[in-house]
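K.L.:
Put chain B on the given structure of chain A with help from the hints.
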Amino acid sequence: MSRPVSYNLIKKPLESDISIVDMPDGHQGEGFFATSLNKVIGLARKNSIWPLPFATSCCGIEFMATMGSHYDLARFGSERVGFSPRQCDLLMVMGTIAKKMGPVVKQVYLQMAEPRWVIAVGACASSGGIFDTYSVLQGIDQVVPVDVYVPGCPPRPEAIIDGVIRIQELVGKESLRRRNGEQYKLLLESYGIQ
Amino acid sequence: MALTNEIIKQRLTEKFGEQVSNFEEPYGMLTFEAPKELNLKVLNFLYDDEELKFRFMTDLCGVHYPDNKGKELAVVYHLHNMVDNIRIRFKVFTDIDQPDIYTATGLFSAANWMERETYDFYGVNFVGHPKLKRILNVDEMDYFPLRKEFPLEDQTRVDKDDEMFGRG
Chain A
-19 MSRPVSYNLI KKPLESDISI VDMPDGHQGE GFFATSLNKV IGLARKNSIW PLPFATSCCG
41 IEFMATMGSH YDLARFGSER VGFSPRQCDL LMVMGTIAKK MGPVVKQVYL QMAEPRWVIA
101 VGACASSGGI FDTYSVLQGI DQVVPVDVYV PGCPPRPEAI IDGVIRIQEL VGKESLRRRN
161 GEQYKLLLES YGIQ
Chain B
840 MALTNEIIKQ RLTEKFGEQV SNFEEPYGML TFEAPKELNL KVLNFLYDDE ELKFRFMTDL
900 CGVHYPDNKG KELAVVYHLH NMVDNIRIRF KVFTDIDQPD IYTATGLFSA ANWMERETYD
960 FYGVNFVGHP KLKRILNVDE MDYFPLRKEF PLEDQTRVDK DDEMFGRG
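If you read the sequences in order, they're chains A and B.
Read in order, the letters of the first sequence correspond to residues -19 to 174 in our numbering.
Read in order, the letters of the second sequence correspond to residues 840 to 1007 in our numbering.
Think of the hints as simulated: they come from the structure by calculation, not from any bench.
The calculated label-pair distances, taken between Cβ atoms and stated as ranges, are: (1) ARG986(B) <-> LEU156(A): 51 to 61 Å; (2) ARG158(A) <-> VAL966(B): 56 to 66 Å; (3) THR15(A) <-> VAL977(B): 44 to 54 Å; (4) TRP30(A) <-> ARG986(B): 44 to 54 Å; (5) THR113(A) <-> ASP906(B): 20 to 30 Å.
Below, in silico cross-link-like pairs of lysine-lysine (DSSO-like), each with a Cα-Cα straight-line distance of 30 Å or less: (6) LYS80(A) <-> LYS970(B); (7) LYS987(B) <-> LYS970(B); (8) LYS930(B) <-> LYS908(B); (9) LYS86(A) <-> LYS970(B); (10) LYS972(B) <-> LYS987(B); (11) LYS908(B) <-> LYS987(B); (12) LYS910(B) <-> LYS880(B); (13) LYS970(B) <-> LYS910(B); (14) LYS80(A) <-> LYS987(B); (15) LYS892(B) <-> LYS970(B); (16) LYS153(A) <-> LYS86(A); (17) LYS908(B) <-> LYS880(B); (18) LYS970(B) <-> LYS79(A); (19) LYS972(B) <-> LYS80(A); (20) LYS165(A) <-> LYS153(A); (21) LYS972(B) <-> LYS79(A); (22) LYS987(B) <-> LYS79(A); (23) LYS972(B) <-> LYS86(A); (24) LYS880(B) <-> LYS930(B).
Selected chain B positions facing chain A (in silico; Cβ < 10 Å): (25) LEU975; (26) ASN976; (27) VAL977; (28) ASP978; (29) GLU979; (30) MET980; (31) TYR982; (32) PRO984; (33) PHE989; (34) LEU991; (35) GLU992.
Built from N, CA and C at the ideal position, the CB exists for glycine as well.
Bound-form chain A, shown alone:
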């Protein structure tokens, strides 16, 4: 029997007409505010992520809904979807990646400038999904390092937004030195990068 689907049963009043991000921890007084550079840069970065959609199948369609007015990823500072890897911060791989497509994903990742993040949307990008077969890459983490995995086949737009928020958390908390660190270098070397 079909069930009526109803969302937003509980009305949530807006906290304010214009929502702005919270201030980071710091010291403030008359005419000054002091905090660490890490926090300021993290705050700026996490609320202005430029996503690069790499959509190969049905998860890409869900992403299009996510970008549309109903779900509106722009609310989270990702208004501008870039289609050049050189300008983007977040590689969103959505859909089945065939083994022949693997080098293309890696090439796109290499063309992105640091700092860069990767999100694998859907079962196929995360693990190969139902395509346990000779021609499909069993998860994009075999060719590029992945920060966040979004499960689902395909995931709902809410799940994709949740994934992007997780990325924002990572971006906001990331140390400025992380990308120069030994651990990060080893991670990239394990993927044969640099």
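P.N.:
Okay, now just chain B, sitting in the frame of chain A:
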């Protein structure tokens, strides 16, 4: 007089005698086979003959019959007579240990792509093909994935628990 399966069959037996065999008509489509050395002769005859005029190749594909000893690999040609709108199916068989078959690229340009695909998935060696290399799979692949001895699942992976996938 319209071209019928009987006429095609008759013309082929006149020309090639006992060498064309196993005539069948599943769902009305004439199907027959010939020794693999004759594949180009048969295709040329079907193409050039003023009455038959099979001048369009709709499909070329491979089939693997692992139990058919000595004739494990089949190459199937689907031909179309556009004038009389008649289709036929022509099969040749080859030993899997020496899967050499003459290429049909000289006759049908469409065979170029499809022979590369057949090579890619079944390892049929089309003698005389201008560029016989993999077309759909990754170049590094070192086996022919649609041969029956290879299970569908990727055998190299270690991260999936067989028990969880019902094949433990």
